[in-house]
Amino acid sequence: MDSARVMFLLMFIVFFPILMAPVIFYACRYSVRIRDSLAVVTSGITFLATLTLYPAVSGGEVYHYSLFEVLPNLAISMRIDILSFCLASLASLVWFLCAIYSVDYMAKEHACSRYYTVFIFTLGSCLGIFFAGDLFTLFVFFELMSLIAYLLVVHEETEEAMKAGYKYLVMTIIGGLALFFGIIIVFELGGTVSLAAGHIIGESSVLALLAFICFLIGFGMKAGMFPLHVWLPDAHPVAPSPASALLSGIMLKTGAYGLMRVIFHVFSPELIKGAGWDLILGILAVITIMLGSAVALTQEDIKRRLAYSSISQLGYVLLGLSILNSNAITGATFHIFSHAFMKSVLFLAAGSIIWKTGRRKIADLKGIGRQMPVTLGCFSLAAIAMIGIPPLNGFLSKWTLALGALDAGMPIYVLVLLISSLLNALYYLPIIIPGFFEAPPGEEQEEDDHHHEIKFDIQEATPKMLIPVIILALCTVFFGLTPNNIAYALSQLTSAFLLGGGTL
Amino acid sequence: MFAAAPEHLHSADQLYYSSLPLWATLIPLAAGIAIYFFKGSWENARKLAALATCLFSLGCVVWMLPLMFTGVVCFDLVNFMQLGLFFRLDLIGWVFAFLITVVWTLATIFSFAYMDLEHNRPRYYSVLIFTLGATLGVVLAGDFFTLFLFFELMTLSSFILVIHEQDGEAMKAGILYLYLGIAGGLCLLFGILMLFSATGSVDMIPALEQLGTMRTGIFVCFMIGFGIKAGLVPLHIWLPQAHPVAPSPASALLSGIMIKTGAYGILRVSLILFSTPDQPGAADAAYLFNTGGAVMWVGIVTMFLGALMALLQSNMKRILAYSSVSQIGYIAAGLGVAMMMGIEGGMGFAGAVYHIINHAFFKAGLFMMVGTIYIYTHELDMSRLGGMFRKMPLVGLTFLVAAFGIAGIPGFNGYPSKTLVHDAMLIAIKDYDLFHIALAEKIFVLTSALTICYFAKLFRGVFLGPVPEKLDRQYPLPLSVKFVLTGFALVIIAIGLFPNLILERLLVPASEMLRYEGYGMDHLYHFHFFEWHPLEAMLIVVVIAVLIYLPGAYRGWFNWKPPYWLSIHALIYQPVTHYLMKFASRTGVVLDSSVDEAYNRSGKIARNWAGYIANVDSGIDRFYSQSGKAARKLADRTSDMDSSIDSFYEKSGEVARGLADRSRDMDSKLDEFYERSAKKARELADRSSDLDSALDEAYRKTGAAAQKLARQTTDIDRALNIVYDQAGKKTREQVEKRLAAKDEKKSLFDRAKWTTKNLSFDTLLMVLVLGAVLFIVFYFSRYL
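Protein chains in written order, with our numbering: chain A, 1 to 504; chain B, 1001 to 1784.
Hint data in this document are derived by calculation from the structure and do not stem from the laboratory.
For each residue, glycine too, the CB sits at the ideal point set by N, CA and C.
Hints are supplied without guarantee of correctness; some may be wrong.
Computed far set for chain A versus chain B, every beta-carbon distance over 10 Å [said to hold, decoys possible]:
1. I34
2. S58
3. I76
4. E160
5. K167
6. F181
7. L189
8. G202
9. V230
10. S293
11. L418
12. F437
Below, in silico cross-link-like pairs of lysine to aspartate or glutamate (EDC-like), each with a Cα-Cα straight-line distance of 16 Å or less [as the list claims (entries may be wrong)]:
13. A:K167 x B:E1650
14. A:K163 x B:E1597
15. A:K163 x B:D1472
Derived Cβ-Cβ restraints for the label pairs, each shown as a range [said to hold, decoys possible]:
16. A:D2 x B:Y1036: 47 to 55 Å
17. A:S205 x B:V1616: 53 to 61 Å
18. B:A1610 x A:R114: 26 to 34 Å
19. B:A1610 x A:I283: 27 to 35 Å
20. A:H110 x B:A1610: 47 to 55 Å
21. B:A1285 x A:I283: 40 to 48 Å
22. B:K1582 x A:I283: 32 to 40 Å
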C-alpha cells in the first residue's frame, strides 16, 4: 500500500467519527432513526476502514507522518504499526457492536442525542490514541477521550453518577498532569517525543525513573492499576451498559497501550529490566490482580462485580508487561483482545438483564436463565472463559502468560494467575448456577415434586441487543478454538515486533 | 504446536494413524448437544439416539482392539486451539476406554426405565451423552493438554448430572463438586505448565530426569488435581455428598467410571511421567521409592477411612459412595506399590488396573440395584427399608453377587484384583523389610474385613427383615432393568471364575509395555488364584470380618454417628475456606476502601488547604474593599466640594436670572407699543379688503352668465351625438350581416376549422407572400 493512501486512511479513521459527532447531534432534530442509524453507520465505516489497513502493516512495516510542528521538535504526527492496528481494529469492532446494541437499549433512556454524539466522538479520539505518532499527540487524544468520556459516565445524572463522575474527572486530571510531566521530562532528556525515534532514554537516571513513574501514574490510572483504580468501580457501573462495555472493554486498554509504547519506545526492555523497574510494575500488577478478584467477591451489584473483575483482568495485562519476554507480551496483547470480548459480553448481557427485568442485585438473578436463556448462556460462556476453561480464549491468554512467567523463572506469578482464576470462578459461578438451576423468586414451592418439568418462559431482549452479545460470545469461542486465529497471530507479531525493537 | 509424541515406550511398536479416537469422542459430544433440541414428545427417538451414540463409541473402541497388541493408535489434530489436540491410545488407555463405553451403554439402557419416573429428561440424556464424549476424551488423550481439556469438560458437564434434582441438597453438593473440580483443574493446569516449562512438551513420556528441582512440585500438583477427581482422602469430601444426590444411573457412572479418570491420571503421572526410559539411576530410584511410598500411604489412609465411614452410614447410596472412596484407596495403594518397586512393580500395576476394571462393574451395578429400589420406594434410608429380597428377588440376587465381588470372595471378581494388590505388598515387604509397609499390609487386611462388614450391614438392612407396611406391594421390574442388572452380575461372576483371562490377555501385555520385569512379572505370568496361598489370606479376612461384625451389630456400634467436629470437612475445609475467603475478601476490601479513603482524605486536606488560601484571599479582598471605602469617602468629599461649587454657580445664576427678568420687563413694554401700532394698521387693512370683496361680487356674476351659455351649447352637442350614434348602429348592423354571410361562405369552401389564430397567421403569411411578390415585382421592374 502506498504511503499517501495509508496517510489518508489514518486521517479518515481518526477524524471521520469526530466530524460525524456534530452531524449526529443535529440529525436528531429531524429524526431519531436517522441519528441512531448514523451512529451505527459511522462506527461501521470506521471499522471497515480500519480493516483495510491490514495489508499495510501485516509485514511489520511502520508508517509515520508528521503533520505540523507545534514547537521545534514537537510535532503533531500520526503513526501506524502492528500494535496500533491490533487495538484500533478491536476498538472499532467493539464500538460498532455496541452502537447496534445502543439503538434499542438507549430507546428507554433520556438525553440520547448527547449520548450518541459523545459515543462517536470518543471513538475518534480513542482511535487517535492508537494512531498517535508521538507522545504529545497521544497525550492530546488521551485527554480528549478521557474528558469526553466523562459525559458517558454521568449520563444518568443521578446523584451517584455525578459523584462517580466527579471522582473520575479528578483522577483523569491527576493522571493527565502526571503524563504531561512525564512527557516534558522525556523531551528534556531526549530532545524528542516521537515514537519513531525509538529508545529515547538510553540510560537510567533519577529523572528517567521520575518519568517512568509519571507514565505509570498517568497510564496506570486509566488501566485501573492499584492504587489508582478507585474511580473505576464507581464510574463503570453507573454508565449505561453499552458505555460500560466500552469503558471496561476498550478504554481501559488505552492505559495498557500507553504503557507498552512507553516501555518499548521511550525506554527499552533491557533498560527497564536492568534498572529493576519491572519489579515495580510486577508488584503493582500482582496486588491489582488479587485485590480486584477479592473485592469482586464481596460485591452485590452485578455491574460493580464486573467492574472489579476488570481491574483484576487488566492486572494480567500489566503482569505480562512486567515480565517482558516473548510469551508474556504475546499473552498480554492477546489478553487485551480476550478481555475486550469477554468483558463486553458480560456488560452487555448484564445490561440486557437489567434492561429487561430491572434486577441488578445478584441475589435477585435467580432463575433468570429460564427467562433469558440465550443472554445468560452468552454470559456463562464469557464467564467460563474468564475462569480459564479451555477451549475458550481466556484459557489461551492465561496459558501464554503463565508460560511467559515460567520462562522468566517466576512460578509465583503463575500461582497468582491460578488463584485469581479460582476467585473468578467463585464470583462468576454464583451468578450463573442459580441463574440456570434455581427457581426464580416466588416459584420455589414445588421442590418436593419429582415430576415437575422446568418451565421456560422465554422473554429475551430485542434482536438488536441480542445479536451483538451473541457475536461477541462467539468471538470468545472462535479466538480460543481456532488455531492461528488472527488475534493470536497478531499478538505474536506484536510481541516479535516490539521485542525486536520495531522490526520483524 | 506440540510435535507428535516420539515413540518411546516400545520402539518396536507400530504407529497407526486413525481418526477413530477423534470420532469416538466427537460424536458423543455433538450428539449430546443435538439431543437437547429433540422435541419434548420425541421420547423414544431421544432414547434411541442416546443408545446409538453409546454403541457407536463402543464400536469404535472395540474396532481398535486388534491394533493395541502390535502398536498404538495416534491421531493428531493440529488445527485446534494453539496447542493442537493429540490422541494416542495404547493398551492401558484402551482398557479404560472399553470400560467406559461398556458401562455407559448399560447405564444408558438402565436410564430408560429409571428416568421415565424423573423430570427434565431432555437435559439428562443430553448431558449424559455429552459427558461420555468428555470422559472418553480423557483416556484417549495423548498429551496432558488434551487430557486437561477433556477433564475440564467432564467436570462441567457432570456437574449438571449431579444437580439434576435441583433441590437444596443437590445444589449444595453440586456446587461443592464444581468448586473443588475447578480448583483441581487449576492445580492440574499449574502442574502441566510447570511440566511444559521444564521439558518443552506436554507429552506423557518418561521425563523424570528433565524435571529437575520442580519434580516434587509437579508431582504434588498432579496428585491434587487428579486426587480431587478420584476422591483421595482428604480431597474426597465432595464425593459422599455428590454421588448420592445424582439420579442412580448417573451415580453409577460418577462412582464407577468418572472417579477412575482421576485414577487414570495418577497412573499416567506416577508410572509413566515419573519413570525414566532407561534403567533408573540410584538417586532416582530413591526418589521414586519415597514418592511411591507417599502415594501408597495416601491410598491406605483413603481405603481405611472410606471403609470406616461407610460402616457408619445409614443412607444406602452414601454407603456406596464411601465405599467408592475406600476402593479408590485400593487402587492408589496398588499404584503406590508399583511406583515404589520401580521396574519390578508389575504386580502392583496389574492389581491396580484389575481393580479399576472390577470396581467399575460392581460399583456401577450396585448403584443401579440400589437405584432400582429407590425409584420404586422413594426410600434411601436403610432403617425404613427391609425385606426387599422377597419383593425384588432379582435385585437381591444380583446385589448379593456384586457384594461378594466387592468383598473379595473367591469366585467373584473382586478377589483376583485384591489378591494381586495384596501380593504386591507382600513382595514389597519381602524386598525392603520396612515396618511401614508391613503396617500398611495389616491395615489393608483390616479394611478388607470392614468392607465385608458394611456390605453385610447394607444387605441385612435392605433385603432381610420384615417388609415395612408402606412398601408392601408388588414391584414388576421392566425388562431393560432386569437385563442390565443380570448383565452386571454375569460379568462379575465370569471374571471371578476365569480371572486369568483378563490378566493374561490385557494386563500382562500392558505391564510389558511399561517394561516391567523381574520377579513380579515372572510371578504374574503364571499366577494361580485358586491356590492355598491367596485363598488363605482371604479366609483370614472373612474371619476378622465375622469377629468385627457380630459384636458390632449386636452392640449397635455401626449406628454411631461421628460428631461433626471430627469430620474432615469441619477439621480442615471449613476453617481453611472460611479463613481464606475471609482473609482474601477482608484484606481486599480493607485495602480497597483504605485506598479510596486515602484519596477522599487527601481530597479533604486539599480542600482545607484551599480553605486557608481562600482565607488569605478573602483578607486581601477585605483590604481591597476597605481601601475602596476610603476612596469612596474621599470621593464623597470631593463630591461635597463639587456641590458647593455647584451652589455657587447656582447663586450667580440666580443673580443673572434677576438681571434677565428686568430686561424682560423692559422688553414687554416695548412689545405693547408695537402691538398698538399693529392694531391701527390692521384696521386700515380691513377697510381696503371691504372694497376688494365688492369687486369680487361683480366678477362672480359675469362668470355665472358665461356658464349658462356654455351649458346650452353642450346640450346641442349631445343631441347631435345621439343622432350620429343611431346612424352608426345601423351601418354596423349592416356590416355584421354582411360578415355573417361571408363566414358562411368560407366554412362552405374550407372544411378545416379556421380558428382566429390560424386565420391571422394565414393572413400574415399571405400578406408576407403578397408583400414579397410585390417587392420582387417592384424591385425587378426597375431593370425591366
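Legend entry - Beyond 10 Å from each Cβ of chain B, as asserted for A:S58: 19 Å, holds
Inset, instruction - Beyond 10 Å from every chain B Cβ: check whether that's true for A:E160. - result: It holds; A:E160 is separated from chain B by about 15 Å at its closest Cβ, greater than 10 Å.
Inset, instruction - Beyond 10 Å from every chain B Cβ: check whether that's true for A:F437. - result: 5 Å, violated
Inset, instruction - Verify the proposed pairing of A:K163 with B:E1597, using a straight-line Cα cut of 16 Å. - result: Between A:K163 and B:E1597 the Cα gap is close to 15 Å, so the pair holds against 16 Å.
Inset, instruction - Could you say whether the range 47 to 55 Å given as a hint is met by the Cβ separation of A:D2 and B:Y1036? - result: Between A:D2 and B:Y1036, where Cβ atoms are some 54 Å apart, the hint holds.
Inset, instruction - Please settle this one: A:F181 was flagged as non-interface, so is its CB more than 10 Å from every CB on chain B? - result: A:F181 is indeed farther than 10 Å from all Cβ atoms of chain B, at 18 Å.
Legend entry - Distal placement of A:K167 relative to chain B, Cβ over 10 Å: Label violated. Min Cβ-Cβ 8 Å, cutoff 10 Å.
Inset, instruction - Run the C-beta distances from A:L189 to all of chain B and say if the shortest one exceeds 10 Å. - result: About 29 Å separates A:L189 from the closest Cβ of chain B, which puts it past 10 Å; holds.
Legend entry - Cβ distance range 32 to 40 Å for B:K1582 and A:I283, holds or violated: Violated, since B:K1582 and A:I283 (Cβ atoms, about 24 Å apart) do not stay within the stated range.
Legend entry - B:A1610 and A:H110 - C-beta distance against the hinted 47 to 55 Å: 34 Å, violated
Inset, instruction - Decide, holds or violated, for the assertion that all CB atoms of chain B are farther than 10 Å from the CB of A:I76. - result: Given that every Cβ of chain B is farther than 10 Å from that of A:I76, nearest at about 34 Å, it holds.
Legend entry - Status of the given 53 to 61 Å range, CB of B:V1616 versus CB of A:S205: 38 Å, violated
Consistency with the previously given hints fails for numbers 5, 9, 10, 11, 12, 13, 15, 17, 20 and 22, ordered from lowest to highest.
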